[in-house]
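Colleague: Assemble the whole structure, with the sequences as input and the hints as a guide.
Protein chains in written order, with numbering that gives the first Met the number 0: chain E, 0 to 323; chain A, 0 to 511; chain F, 0 to 372.
Source of the hints: derived by calculation from the structure; they are not laboratory data.
Hints are not guaranteed to be accurate.
Selected chain A positions facing chain F (Cβ under 8 Å, derived; list incomplete) [what the hints assert, rightly or not]:
#1 Pro336
#2 Arg340
#3 Gly369
What follows is a set of in silico ranges between Cβ atoms, one per label pair, in the way DEER data are often shown [to be verified]:
#4 F:Ile196 <-> A:Asp350: 53 to 63 Å
#5 F:Lys52 <-> A:Ser337: 53 to 63 Å
#6 F:Glu355 <-> A:Gly414: 21 to 31 Å
#7 E:Trp63 <-> F:Leu41: 38 to 48 Å
Keep in mind it's a predicted model, so treat the numbers as computed, not measured.
Where is the CB? At the ideal position from N, CA and C, for every residue including glycine.
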Amino acid sequence: MADLWLQFVLTIDATLRVATPLVFCAMAGLFSERSGIIDISLEGKMLLSAFAAASIAAITGSPWLGLVCAVVVSVCFSLIHGFACITHKGNQVISGLAINILASGLTVTIGIALFSQGGQTPFLGSGERFGPLILPFADAVRAVPVIGVIYAEVISGHNLLVWGALFSVLVTGYILTRTRFGLWLRAVGEKPEAVDTAGISVVRLRYQAVIIAGILCGFAGAYLSIAHGAGFVREMTAGKGYIALAAMIFGNWRPVPALMACLMFGFLDALAARLQGVELPGIGLVPTDLILVLPYVLTVILLAGFIGKATPPRAIGVPYIKER
Amino acid sequence: MTSAAGVAEMPAAISLSGICKTFGAVRANQDISLEIQAGSIHGIVGENGAGKSTLVSILYGFYTADSGSIQVFGEDISIGSTAEAISAGIGMVHQHFMLVPTFTVLENIILGSEGSGGLQRSMARAREEITRLASTYGLTVDLDAIVSDLPVGVQQRVEILKALYRGARILILDEPTGVLTPQETDQLFEILRSLKEQGVTVLFITHKLREIMAVTDQVSVMRGGEMVAHRNISATSPAELAELMVGRPVLIEGIWHEASPGNTVLAAERLGLDGGGAPLIDEVSFEVRAGEILGIAGVSGNGQSELLELLAGIRVPTRGQITINGHSISPDQPASPSMIRSLGVAHVPEDRHAMGLVLPFSAAESAALGYEHTPEIGDGFWFDPARLNARCSRLMADFDVRPPDPALKSSLFSGGNQQKIVLAREISAKPGLLLVGQPTRGVDIGAIEFIHRQLIGLRDQGCAIVLVSVELDEILSLSDRIMVMNGGQSMGIIDRGRADARSVGLLMAGVA
Amino acid sequence: MMRTSLPAWMDIGLLPLINILAAFVVAGVIIAMIGENPFVALMVMLKGAFVYKGALGYTLFYATNFIFTGLAVAVAFHAMLFNIGGEGQAAMGGLGLGLVALALDPVLPAFLVVLLAIPMAAVFGAIWGLIPGWLQARRGSHIVITTIMFNFIAASVMVWLLAGMLMAPGQMSPETRSFADGVGLAQMHVIFNAIGIPMARSPLNLSFVIALGASFAVWVLIWRTRLGYIIRATGHSERAVIYAGHSPQRIIMITMAISGALAGLMALNEILGVQQRVILNFTSGYGFTGIAVALMGRNHPVGIILASLLFGALYQGGAELDFEFQTITREMVLMIQGLIILFSGALAYMFNPVLEKLYHLVVFARQEARGDG
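Modeller: Okay, here's the thing in structure tokens:
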């Protein structure tokens with residue numbers, strides 16, 4: 000029984016770790032899409048920033064510099080996306096797709112040029128990444144029945160960025176609901192005409208939104224390569240950007256529900272990993288592939304309107320043209 | 000502030016002189032001069048296309064006048080942007096509301112005018128201020144309601160509050176009653192009177208004479224881009240205004256001649272169509288016989304467009320029945336457009352750009368729309384461009400379409416020629432019933448005459464024609480009988496002999 | 000799409016070329032940044048794609064994949080539908096074809112099996128396209144998101160089946176057993192050599208001919224049938240389609256089914272033409288390349304074939320680059336592909352104002368010259 004509890008707690012622990020990049024990306028997507036710009040390129044931005052973080056951390060030895068570089072790179076590509084979508088009123092889906100494909104190619108190409116390791120970055124030592132924050136008394140408390148493990152595993156032992164992800168949800172929620180900027184942002188995604196006639200610049204707002212999205216994706220990528228992992232490996236994002244997109248949709252473009260969706264999807268991922276090769280009575284070998292496909296299936300069911308309704312921002316995807 | 004009696008001594012709220020605005024070849028505003036007394040409710044009436052919207056857009060900073068001067072409360076100003084208009088004290092309630100549907104009333108009102116400090120504090124401050132404004136002007140609204148939940152009349156109140164919150168002393172309302180029920184309209188008038196008592200100047204743009212008579216103090220009439228008259232309401236009448244609005248009818252002589260109608264082809268019984276608020280069509284009944292033209296007159300937005308779509312099968316009636324050549328269509332037995340076409344009905348839609356043609360298609364392809372299955376164009380599921388082009392060339396020759404190039408993109412033809420293509424397509428199907436909406440909108444004079452002759456010719460061959468048009472002279476010129484629609488209802492059917500611009504115009508304006 | 004005031008030949012011919020050029024210039028800069036000579040790289044790519052023994056065959060082999068997925072995207076685009084699900088639809092096509100082959104090859108002669116397997120690839124792909132189409136038409140679910148999700152779902156299904164039920168007995172890798180002898184599409188070099196024409200070895204197979212046939216069929220469908228007419232009309236104006244008496248919802252579903260079927264046929268090239276068993280991930284991004292190909296080819300079969308050739312050359316040339324340069328791998332191709340999509344898709348009209356100014360300058364100068372001359 001205690002062992003089962005331990006397994007469960009460890010799965011929760013893994014959930015938080017897996018969900019962290021999802022949360023960052025979901026919040027990023029939220030800012031962009033609430034302002035009316037579709038962002039399919041969460042995956043690509045995350046990949047690029049993962050690469051940037053790992054490379055700079057390897058070269059300079061400082062994970063903080065890596066983090067900063069990751070954010071800068073991600074914001075650059077956000078600006079490209081913004082330039083295409085906002086200034087040139089280009090197709091937002093195509094722009095996002097282009098960035099994803101470009102990211103796959105660019106990371107490996109430059110990676111080989113820099114490190115000659117087939118696209119990988121050098122393995123990072125403990126000083127060069129964000130290590131786990133062991134909270135005081137973690138080891139001592141572990142022995143305490145039931146709650147000891149929770150403190151020791153779930154709360155202690157995560158690195159800074161995991162807490163950063165949870166914090167980003169709070170910040171996102173606060174900005175959207177309690178600041179003037181958030182009010183304008185939400186307005187511009189629903190009815191840009193109302194914002195325009197109120198004398199606020201639609202273009203500037205949307206650029207600001209994609210820049211924030213870039214910053215958050217930068218954190219996501221940095222987490223993957225210099226906190227969770229110990230370096231960049233090609234295609235290391237493995238579709239997480241799309242899962243984050245699904246989580247954002249599942250959360251109906253709201254921060255806390257999106258967080259819940261990220262945690263749920265992360266839980267499914269961790270569960271699948273834990274149950275790999277395990278045989279359960281009555282079912283036999285656990286179909287982990289089916290567990291892993293649940294996030295996508297659930298999102299489709301949501302979009303079909305069979306479990307609740309997905310209500311995207313009304314003006315999303317449509318470039319704003321001043322009616323005269 | 001000041002009572003109505005003291006108003007006359009104040010300087011004019013707005014003084015326009017010599018305002019001109021041209022868009023390409025269209026002279027939207029020609030030498031407009033206007034004085035609006037402070038603290039009064041001033042109406043501007045005119046038909047669609049008279050230039051009212053352009054004038055108002057100039058006042059609100061959307062456009063800049065090509066020439067002329069504007070004075071607000073005695074001061075010369077130039078209004079180059081919405082922000083400048085707002086700071087001059089001009090506020091506008093748009094026809095299509097500029098409200099964020101998912102926001103609360105409070106959030107919508109303060110958007111862009113939050114003031115400094117944190118949002119929560121700004122909203123608390125604003126709440127006090129807005130509540131004060133609302134009670135001063137008699138505009139009761141629940142500040143925490145979500146806008147999309149509110150009825151249209153209340154949404155409009157929010158728009159008014161928005162303008163007042165930004166310090167508007169002059170409030171422009173552009174066709175405010177188009178979306179309101181009669182009760183909501185009365186409530187709006189109450190609010191306007193209350194605003195006037197508080198010294199706000201109101202500029203009321205409309206084409207509905209009844210409302211002008213009900214609530215305004217002075218009225219200015221626009222026609223064809225020009226300001227044709229100013230009157231004090233107490234010194235005029237709906238009849239006079241109708242005549243000023245519509246002008247003398249331009250009857251293209253010699254086209255119409257006596258008809259010899261045959262059997263009833265189309266009968267509509269107590270048709271009704273619901274659409275969210277007030278019914279779009281209510282208890283409309285009429286008949287059309289072979290070889291006659293029934294003109295349906297009315298200012299746009301009174302249900303004629305929906306009626307035409309009902310008859311064409313694009314919409315399904317909520318109540319009532321349509322019978323075409325013995326085949327009945329009702330809410331229980333709806334008919335699709337293709338089914339209706341198979342009954343020998345042809346349809347020249349009001350909106351030729353969205354429905355009548357596919358603009359990026361070549362003329363030949365547009366000329367096949369709705370008839371792709373006919374043997375003329377192809378066999379089975381094949382589509383033969385050679386036959387298509389040949390057919391189009393024939394149609395273009397018969398209907399004098401210029402340039403007679405079937406391969407040219409539909410969007411590149413002039414309005415008149417586009418309409419001729421649509422007409423050619425529909426008429427060549429040899430229909431027993433032709434539904435036609437706004438046949439000469441955006442069409443030059445020469446093409447107008449051609450199209451009118453085609454319609455009369457078709458009628459003479461025994462076709463029944465339902466003609467919907469907002470152009471009164473077109474209705475008078477072509478129709479054998481005229482039905483006037485207002486507010487979704489039929490105001491009656493008059494024979495040609497008893498119809499003239501004045502009587503029909505009054506019916507159109509809703510004055511029974 | 001924005002209208003330009005440029006003459007047609009510039010709009011359809013010159014502008015896309017300039018966009019591709021821009022992509023290549025940026026790629027060249029990046030290549031230079033990593034320390035290689037972009038012009039040398041270009042030469043290597045060209046030789047690798049066309050000159051070396053078997054190169055052309057490989058180039059055309061890759062092009063075959065892109066023709067199928069490009070046609071799929073293009074057909075959907077004509078109805079203004081964004082089918083991003085080419086990967087999933089192709090995977091399902093492979094599944095369908097594999098199921099038929101594995102079930103029937105012990106029983107029926109090889110060529111019959113092939114004859115039955117080919118349409119099944121189309122059917123499975125069609126179903127995988129139809130479901131998102133139905134969701135869009137009847138439930139309003141945005142087709143971009145649903146097709147992305149269905150790509151992942153298809154991948155999961157493939158993994159589950161290939162590592163489970165369908166896995167070849169006794170093997171460890173997730174793939175089916177090989178099909179019976181002869182269940183496949185003959186490779187071109189074999190055919191050519193058999194009739195006496197020497198041709199270097201390459202995986203180019205009969206699917207290429209089927210792809211060309213499909214291109215012709217798509218052309219006929221879109222521009223010579225009533226259905227194609229209505230599909231195009233739906234893409235421009237749903238109101239006009241309703242006016243003409245059709246249901247836009249039905250058209251959307253039919254279009255997505257056709258689109259999915261075309262993507263499903265891509266499986267023929269890899270699975271029947273080369274592998275002769277179903278393997279994981281044989282789609283390897285070709286579905287996304289199809290989007291680039293359709294964009295560049297302006298959704299017309301001729302343009303698609305040309306763009307497929309370009310991308311085929313890119314892929315094959317990229318393999319050669321990988322081979323000859325230490326510092327460059329196949330990922331370089333992805334980079335160029337992403338740049339091409341960026342410039343041809345999202346920034347398609349970026350160079351428009353410059354071109355317009357130049358054009359008008361030239362026209363003006365000519366008029367002046369004629370006036371004075």
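Colleague: Using the Cβ atoms, figure out if Lys52 (chain F) sits within 53 to 63 Å of Ser337 (chain A).
Modeller: 59 Å, holds
Colleague: Once the shortest beta carbon distance from Arg340 (chain A) to chain F is found, is it less than 8 Å?
Modeller: 6 Å, holds
Colleague: Verify the interface restraint on Gly369 (chain A): the C-beta must sit less than 8 Å from at least one C-beta of chain F.
Modeller: 4 Å, holds
Colleague: Return holds or violated for the Cβ distance of Glu355 (chain F) and Gly414 (chain A) against the range 21 to 31 Å.
Modeller: About 26 Å separates the Cβ atoms of Glu355 (chain F) and Gly414 (chain A), which means 21 to 31 Å holds.
Colleague: That 38 to 48 Å hint for Trp63 (chain E) and Leu41 (chain F) (C-beta), does it hold up?
Modeller: 40 Å, holds
Colleague: Has the hinted range 53 to 63 Å been met by the Cβ atoms of Ile196 (chain F) and Asp350 (chain A)?
Modeller: 60 Å, holds
Colleague: Would you settle whether the hint for Pro336 (chain A) is holds or violated, based on the nearest Cβ-Cβ distance to chain F being less than 8 Å?
Modeller: 4 Å, holds
The structure agrees with every numbered hint stated previously.
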